[in-house]
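From first to last, the protein sequence lines stand for chains A and B.
Its first residue numbered 1, the first sequence is counted upward by one per residue in this note's numbering.
Its first residue numbered 417, the second sequence is counted upward by one per residue in this note's numbering.
Some hints could be false.
[What the hints assert, rightly or not] Cβ pair distances, simulated, as ranges:
{"#": "1", "chain 1": "A", "residue 1": "ALA344", "chain 2": "B", "residue 2": "THR663", "range": "47 to 57 Å"}
{"#": "2", "chain 1": "B", "residue 1": "THR476", "chain 2": "A", "residue 2": "GLU404", "range": "54 to 64 Å"}
{"#": "3", "chain 1": "A", "residue 1": "GLY402", "chain 2": "B", "residue 2": "ASP511", "range": "55 to 65 Å"}
Read the hints as simulated data drawn from the structure, not as lab findings.
Heads up, the beta-carbon is just placed ideally off N, CA and C, and yes, glycines get one too.
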Amino acid sequence: MVTDRADVAIVGAGPAGLAAAVELRRRGVGSVVVLDREESAGGIPRHACHSGFGLRDLRRVLPGPRYAAHRAELALAAGAELRLRTQVTGWNAQGALELTTPTGRHELAADAVVLATGCRERPRAARLIAGTRPQGVMNTGMLQQLVYLAHERVGQRAVVVGAEHVSYSALLTLHHGGARAVAMTTELRHQQSLAAFRVGAAARFGTRLRTRTAVTAIRGDRRVQAVELTALDSGRVHEVECDVLVLTADWVPDHELAVLAGAELDPGTRGPAVDAMGRTSRPALFAAGNVLHGAEPADVAALNGRHVAGGVLDHLAGSPWPLAPVRIMCAEPLAWIVPNRVPAGRYAPGRHRLRSREELHDVRVEVRQDGRCLHRQRLVRLVPGRSASIPAPWAAAVDPGGGEVVVLVTRARRWS
Amino acid sequence: MSGAFDVAIIGAGDVGSAIARELARYELRIALLDRGDVGAGTSKANTAILHTGFDAKPGTLEARLVARGHRLLSDYAAQVGIPIERTGALLVAWDDEQLEALPAIGERARENGYDRAALIALDDLYRREPHLGAGAVGALEVPDESIVCPWTPPLAWATQALLAGVAVLRGTRVVGLSRLADCWRLDTSGGPVLARWVVNAAGLYSDEVHRMAGCEGFTITPRRGELVVFDKLARPLVSHILLPVPTGITKGVLIAPTVFGNVLLGPTAEDIEDKEDRACTSEGLARLRAHGARLMPELLDHEVTATYAGLRAASEHADYQLQVDGGLAYACAGGIRSTGLSAAMAIAEWMRDALAGAGLALAERAGGLPMVRMPNIGEALPRPYARDELIAEDPAYGKVICFCERVTLGEIRDAARSAIPPRDLDGLRRRTRVLTGRCQGFFCGARVARELAREGGIDIGGLR
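Throw the hints in and build the complete structure from the sequences for me.
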């Protein structure tokens with residue numbers, strides 16, 4: 001077996017991985033290899049055929065596929081090496097990546113590895129939806145690939161589960177694929193995207209938004225025929241006929257390689273726990289982008305990739321790997337915070353992203369350690385599936401020998 | 417009778433396929449009929465355990481045939497490449513009543529001719545299964561219980577039968593049976609089929625076929641079992657098959673590793689009316705999670721990869737309904753509840769002997785059965801994606817298509833060109849593992865469908 005070497009190996013050629021590669025090359029790293037199992041680089045935006053990509057990282061707005069292609073071009077132009085059709089299957093005993101490629105099994109050793117493996121939507125089984133197992137039940141990822149990459153028609157009548165940005169993307173994709181979304185459901189009281197999207201969906205596709213509604217069963221033998229919807233407040237159950245069910249959002253990090261590396265996961269995000277420089281608990285292993293926490297928009301992932309490149313450079317320059325960083329935990333109803341580790345010593349505080357499980361208005365958030373308040377902040381609102389950003393000069397005040405840092409809501413109005 | 421088969425076997429599940437393979441050793445013209453694909457009915461959804469039969473009711477046919485079938489399938493699996501791992505089982509007692517029941521279960525195992533079941537100490541139990549929930553009070557070890565691939569065995573048997581000349585008629589539903597002067601006429605969705613003998617291995621529908629043949633004696637009431645499959649990252653939590661202690665009051669559920677590297681939790685047991693009702697229920701899934709929370713709390717922290725429900729073909733009788741009627745030229749292998757996979761090869765031997773006894777002339781074919789080698793879809797041995805020498809020969813084994821399960825283009829192509837190729841995505845799933853992983857098609861669903869269409873010539877419109 002051939003063992004290659006690189007200064008930095010990046011797993012995943014999506015927005016975060018490609019942006020990290022550009023930054024590493026720009027700042028003088030000799031060999032940067034980006035690995036991706038797909039046939040083309042770009043990650044999820046490759047098949048998200050709507051506009052809105054690139055605003056925060058490239059200062060322009062592009063459709064997903066063009067954004068993906070552009071990001072890949074930037075990485076190549078910067079001198080990064082892209083290896084496609086390359087699946088990382090694990091780690092060897094020396095910590096090198098094990099790869100399967102059409103040219104055989106290879107190993108790649110690197111001074112630093114950046115995991116940028118992204119996330120996926122929870123499928124039907126992971127959501128424990130009862131009923132039969134017919135065809136026609138899919139996530140947005142598969143829907144987009146069927147419609148935009150395979151140019152398939154997907155059915156006639158769809159029900160979309162979820163009411164986030166990605167759910168509206170699914171509506172457009174369904175329309176493009178010849179299906180009409182008759183209903184969109186969320187268990188929350190409100191949709192989580194822009195009001196204009198909702199109004200547009202109702203006007204353009206006649207899609208009815210059903211809030212406080214769960215899909216409780218799937219019916220159909222070979223092909224899905226209907227879904228059973230349950231109104232959570234009244235308990236009322238009814239069926240909606242459909243031949244496509246799209247399960248959107250409910251993202252989960254693709255963290256397999258982090259787990260196999262023995263990196264600690266954060267219980268809130270279920271992604272690898274990291275400090276502000278993207279350092280995991282395993283020396284020389286970094287993580288960036290949506291593997292950290294489930295989906296943020298592509299440009300946010302790219303910015304994080306670029307940011308983590310700074311941590312990688314620091315490591316390559318010989319900076320010691322922090323041992324036993326302080327954990328930052330979230331108290332209910334907060335879901336997660338990233339970064340979620342604060343190392344001792346020199347620390348470049350950035351911003352933390354924070355999510356809630358509930359819709360909250362007029363929120364007071366506090367950051368505490370051992371009963372000591374490090375930071376207090378008001379947030380206009382918190383919406384599940386969308387991050388709030390909190391600045392972290394407080395991180396410098398964390399006692400490296402102290403207990404866990406806890407982020408909690410001290411006061412909020414529930415949105416009803 | 418020219419044009420007639422000597423034997424028509426109805427049902428290409430575990431039992432029917434194993435019988436077809438057994439009879440294919442002889443100079444017989446055989447048809448194996450199934451309304452769908454090989455192993456696509458009850459056989460596809462079980463707990464994937466190869467039982468020793470230690471806990472069967474002594475003296476029954478089931479006890480004898482499971483014990484024999486365990487030996488036969490263990491050897492056969494090694495021969496043809498059916499994924500199997502001898503993990504052993506631990507019957508875990510959670511209260512005094514269950515603890516007191518263990519010695520009697522060990523005694524019953526000895527009555528069944530199995531003498532390797534032994535009580536183990538509590539600290540030994542937790543040493544072997546450190547992630548077991550708190551509160552276990554004792555355990556009985558059954559070292560020969562194994563986990564096995566549920567999908568490969570019937571395909572291996574049917575493939576071997578087909579290569580030996582058996583006509584494998586898939587997509588052929590039997591709707592009527594009539595006795596002519598010297599043979600049976602099977603009315604099927606694919607036209608009439610004539611055969612001197614009919615062997616009923618129709619699983620859930622074995623009672624209906626039995627009545628079509630003019631016989632009475634048993635009724636199948638499907639017993640639904642729901643199961644939850646956990647992510648591969650949970651696999652290190654479990655070393656053995658963890659069985660409940662049957663006490664008559666609660667059935668309990670088991671936790672078992674799978675040969676694919678996942679962890680199973682289940683099954684529930686619920687008698688239902690509809691033989692097609694393979695739906696999971698909210699109640700069933702909630703009950704399983706409640707069991708799991710006690711048996712192995714850490715398991716529930718892991719993602720769920722799949723949920724499914726299987727239907728056991730249970731009859732009102734405690735034992736298998738095996739019978740051969742020489743006068744009628746009819747044989748039945750029905751009422752095989754949940755041990756069909758374990759016992760199948762022994763049932764096939766039984767059937768062979770009974771048919772011979774009832775007048776079916778068995779003359780061995782020259783050369784015996786053709787050998788087959790099934791694709792390895794288990795984790796115990798290296799799979800194609802991990803085999804450098806194989807990729808060097810054929811780069812298609814280095815093109816991973818289904819990322820979660822690491823199924824390569826080469827394997828999809830091989831399945832499409834195999835003796836019994838898949839006819840839809842579900843068939844491809846059972847032959848290669850595609851789409852059975854944690855993303856359930858998020859990343860690769862469209863691509864897999866496209867490759868099957870390309871390699872298998874199957875209309876993509878029917879695949880989604």
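Structure-based check of each hint:
no.: 1; hint: A/ALA344 to B/THR663: 47 to 57 Å; in the structure: holds (55 Å)
no.: 2; hint: B/THR476 to A/GLU404: 54 to 64 Å; in the structure: holds (59 Å)
no.: 3; hint: A/GLY402 to B/ASP511: 55 to 65 Å; in the structure: violated (44 Å)
Consistency note: the structure conflicts with earlier hint 3 alone.
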